[in-house]
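For this one, chain A is given, so just place chain B on it according to the hints.
As you go down the protein sequences, you meet chains A and B in turn.
In this text, residue positions in the first sequence follow our numbering: the first is 1, and each later residue adds one.
In this text, residue positions in the second sequence follow our numbering: the first is 1001, and each later residue adds one.
Keep in mind the hints are simulated off the structure, nothing from the lab.
Hints may contain errors.
Derived DSS-like pairs (lysine-lysine); straight-line CA-CA distance at most 30 Å [what the hints assert, rightly or not]: (1) B/Lys1110 <-> B/Lys1233; (2) B/Lys1186 <-> B/Lys1138; (3) B/Lys1186 <-> B/Lys1118; (4) B/Lys1143 <-> A/Lys142; (5) B/Lys1230 <-> A/Lys142; (6) B/Lys1016 <-> B/Lys1224; (7) B/Lys1118 <-> A/Lys86; (8) B/Lys1016 <-> B/Lys1118; (9) B/Lys1224 <-> B/Lys1241; (10) B/Lys1092 <-> B/Lys1224; (11) B/Lys1233 <-> A/Lys86; (12) B/Lys1241 <-> A/Lys86; (13) B/Lys1118 <-> B/Lys1144; (14) B/Lys1126 <-> B/Lys1143; (15) A/Lys86 <-> B/Lys1230; (16) A/Lys142 <-> B/Lys1233; (17) B/Lys1110 <-> B/Lys1143; (18) B/Lys1186 <-> B/Lys1241; (19) B/Lys1126 <-> B/Lys1144; (20) A/Lys142 <-> B/Lys1237; (21) B/Lys1110 <-> B/Lys1092.
Just the calculated beta-carbon pair ranges, DEER-fashion [unchecked claim]: (22) B/Lys1230 <-> A/Asp61: 21 to 31 Å; (23) B/Ser1239 <-> A/Asp161: 34 to 44 Å; (24) B/Arg1061 <-> A/Glu11: 47 to 57 Å; (25) A/Arg122 <-> B/Lys1230: 43 to 53 Å; (26) A/Glu62 <-> B/Asn1112: 53 to 63 Å; (27) B/Gln1208 <-> A/Leu52: 28 to 38 Å; (28) A/Glu62 <-> B/Glu1008: 44 to 54 Å.
The C-beta atom is built at its ideal place from N, Cα and C for all residues, glycine as well.
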Amino acid sequence: MMRTRFQQQMEDLRERLLRMGGLAELAVDRACQAYTERDLTRCQLVLENESLINAAEREIDEMAFDVLATQQPAAVDLRFILAVTKINADLERVGDQAVNIAERVMDMIELPAVELPVDIPRMAAAASAMVRRSLESFVEGKADLAQAVLEMDHVVDRMRDEAFIVLARKMNEEPQVTQQALDALLVARNLERVADHATNIAEDVIFWVLGADVRHHAQAASVAPRPERA
Amino acid sequence: MGVGITVEHLNAFYAKTQALFDVNIVIQANHATALIGPSGCGKSTFIRCLNRMHETIPEARVEGIVRIGDLSVYNGTSATQLRRRVGMVFQKPNPFPTMSIYDNVAAGLKLNGVGNRKQLDEVVEKSLHAAALWDEVKDNLHKKSGASLSGGQQQRLCIARALAVQPEVLLMDEPCSALDPISTGKIEELIFQLKEQYTIVIVTHNMQQAARVAEFTGFFLLGKMIEFDKTEKIFTKPSDKRTEDYVTGRFG
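Next comes chain A alone, as it looks inside the complex (with noise of 0.2 Å):
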């Protein structure tokens, strides 16, 4: 049997999670950039298009519901599905967390600008490089790619660590800087949690091409990609 409706309805799940993955990606870029340059008009994007994001994941939720309840998928089809409602859950936090940022970034601009140091821009490259490169991994179906965004987790996670340290000093020392410290930490705690979710994705893609369960720290039996795609 060919299964061409099936194959289409997986092609379109994919198209439509990677277009939801953009979306997630411009946010957290955009809520950024809203942070370094103090733009009002770029944290109101993110908060617009938010709604975006959530539409997506429903209509993500509802395809892969639709594929499970009529074509029975099994072995790399049926982990395909689940590594997608998966991913769709965390991109949708993604978004979430993008918000937060422009959240924070709106709070930071109507206080008086000061010299923070913490190096947010530098995270939260970081960070949206490692959202994009669990979506290159998911796109080509390769565990070696999702293996390396795993690697990049300890990275942002010292990031924010150093981050809450030279935060927390600042606080101490000039108080009058508390509330527009508060708000970089907090967006450092945004960024590290966007990485999070970048990792729980590249998880979910070694499950779908290798059948191994990595979440919680346990190690891939193999890392070696295979040929076949859903």
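Okay, now just chain B, sitting in the frame of chain A:
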């Protein structure tokens, strides 16, 4: 209670055409084992080798070892002796059309010389209970013929008939392919319950059925057993690419 089945180096032929190639498998007692594969892959031939039905076809022959419990199927066991211990249910329900429901179930026992009415009554009721049919037919045991029942009921009647002789193994060759989803559900539920008492081997084209009822699944292709493993492994992460291609519908 069910017994295990051991198959070693099984080859089966239809005249000069080889249908099974060196099949080796251990089927666990009191479990349901499903055999899947595309049409012509040898799964039905395999199941028919387990109760010596294969050799009823002219020029068909079998090589290799099949053991059902302590019974060596191809070494000194008569077909009658064997089939008393290995029941079979076919794709199309085949009750004896002129016999009553009661006589259908009692037929095997009567053939084996059981004539005691009380004993027959007990076995018929017990078998119909085991086949989840008792409540639907208890008032018409002697009035209705087997053929007057619905397709799903007929199939459960055939299961009751097979169970009446107290086999240890129940072979099922696509038992639900002619049934509607409700009847299929009842048979599947039945399989689930029966495996506590019997060893069940089921050939099915319906992969979801295999996934639902069997703890172990074997995949056949071109007369060879490609993969045999726990069912959840076969349907979530098969080891062989050919198995994966089949269960994901990429061929077959």
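Tested hints:
1. This hinted pair does not check out: B/Lys1110 and B/Lys1233 have alpha carbons roughly 44 Å apart, beyond 30 Å.
2. Restraint check for B/Lys1186 and B/Lys1138: the C-alpha separation of about 18 Å stays at or below 30 Å, so the hint holds.
3. The hinted pair formed by B/Lys1186 and B/Lys1118 meets the criterion: a straight-line CA distance of about 29 Å does not exceed 30 Å.
4. Note on B/Lys1143 and A/Lys142: the hinted pairing is violated, with a Cα-Cα distance of about 66 Å set against a maximum of 30 Å.
5. Between B/Lys1230 and A/Lys142, the direct Cα distance comes to roughly 27 Å. Compliance with the 30 Å bound is thereby established for this hinted pair.
6. Between B/Lys1016 and B/Lys1224 the CA atoms are separated by roughly 17 Å; this keeps the pair inside 30 Å, and the hint holds.
7. Of the supplied pair hints, the one linking B/Lys1118 and A/Lys86 is violated, its CA atoms being roughly 61 Å apart against a limit of 30 Å.
8. Restraint check for B/Lys1016 and B/Lys1118: not satisfied, since their Cα atoms lie roughly 50 Å apart, outside the 30 Å limit.
9. Restraint check for B/Lys1224 and B/Lys1241: the C-alpha separation of about 15 Å stays at or below 30 Å, so the hint holds.
10. For the given pair, B/Lys1092 sits about 26 Å from B/Lys1224 by alpha-carbon distance, which is consistent with the 30 Å threshold.
11. A distance of roughly 21 Å separates the Cα atoms of B/Lys1233 and A/Lys86; the hinted pair therefore holds under the 30 Å criterion.
12. This hinted pair checks out: B/Lys1241 and A/Lys86 have alpha carbons roughly 25 Å apart, not beyond 30 Å.
13. This hinted pair checks out: B/Lys1118 and B/Lys1144 have alpha carbons roughly 20 Å apart, not beyond 30 Å.
14. Of the pairs offered as hints, the one joining B/Lys1126 and B/Lys1143 holds, with about 19 Å between alpha carbons and a cut-off of 30 Å not exceeded.
15. Straight-line distance between C-alpha atoms of A/Lys86 and B/Lys1230 comes to about 26 Å, which keeps the hinted pair within the 30 Å bound.
16. Of the supplied pair hints, the one linking A/Lys142 and B/Lys1233 holds, its CA atoms being roughly 22 Å apart against a limit of 30 Å.
17. Between B/Lys1110 and B/Lys1143 the alpha-carbon distance is near 19 Å, which keeps this suggested pair within the 30 Å criterion.
18. A distance of roughly 33 Å separates the Cα atoms of B/Lys1186 and B/Lys1241; the hinted pair therefore is violated under the 30 Å criterion.
19. Taking the CA atoms of B/Lys1126 and B/Lys1144, the gap is near 19 Å; set against the 30 Å cutoff, the hint holds.
20. Among the hinted pairs, A/Lys142 with B/Lys1237 is consistent with the structure: their alpha-carbon atoms are about 17 Å apart, no more than 30 Å.
21. Our distance criterion of 30 Å between C-alpha atoms is met by B/Lys1110 and B/Lys1092, whose separation comes to about 24 Å.
22. One distance hint, 21 to 31 Å for the beta-carbon pair B/Lys1230 and A/Asp61, holds here, with the actual separation near 30 Å.
23. For the pair B/Ser1239 and A/Asp161, the beta carbons lie near 42 Å from each other, so the given range of 34 to 44 Å is met.
24. Checked against the hint of 47 to 57 Å, the C-beta distance between B/Arg1061 and A/Glu11 comes to roughly 49 Å, which is consistent with it.
25. Checked against the hint of 43 to 53 Å, the pair A/Arg122 and B/Lys1230 passes, with Cβ atoms roughly 48 Å apart.
26. Checked against the given bound of 53 to 63 Å, the beta carbons of A/Glu62 and B/Asn1112, roughly 58 Å apart, stay inside it.
27. The beta-carbon spacing between B/Gln1208 and A/Leu52, approximately 36 Å, falls within the hinted interval of 28 to 38 Å.
28. For the pair A/Glu62 and B/Glu1008, the beta carbons lie near 51 Å from each other, so the given range of 44 to 54 Å is met.
Of the numbered hints listed earlier, those contradicted by the structure are 1, 4, 7, 8 and 18.
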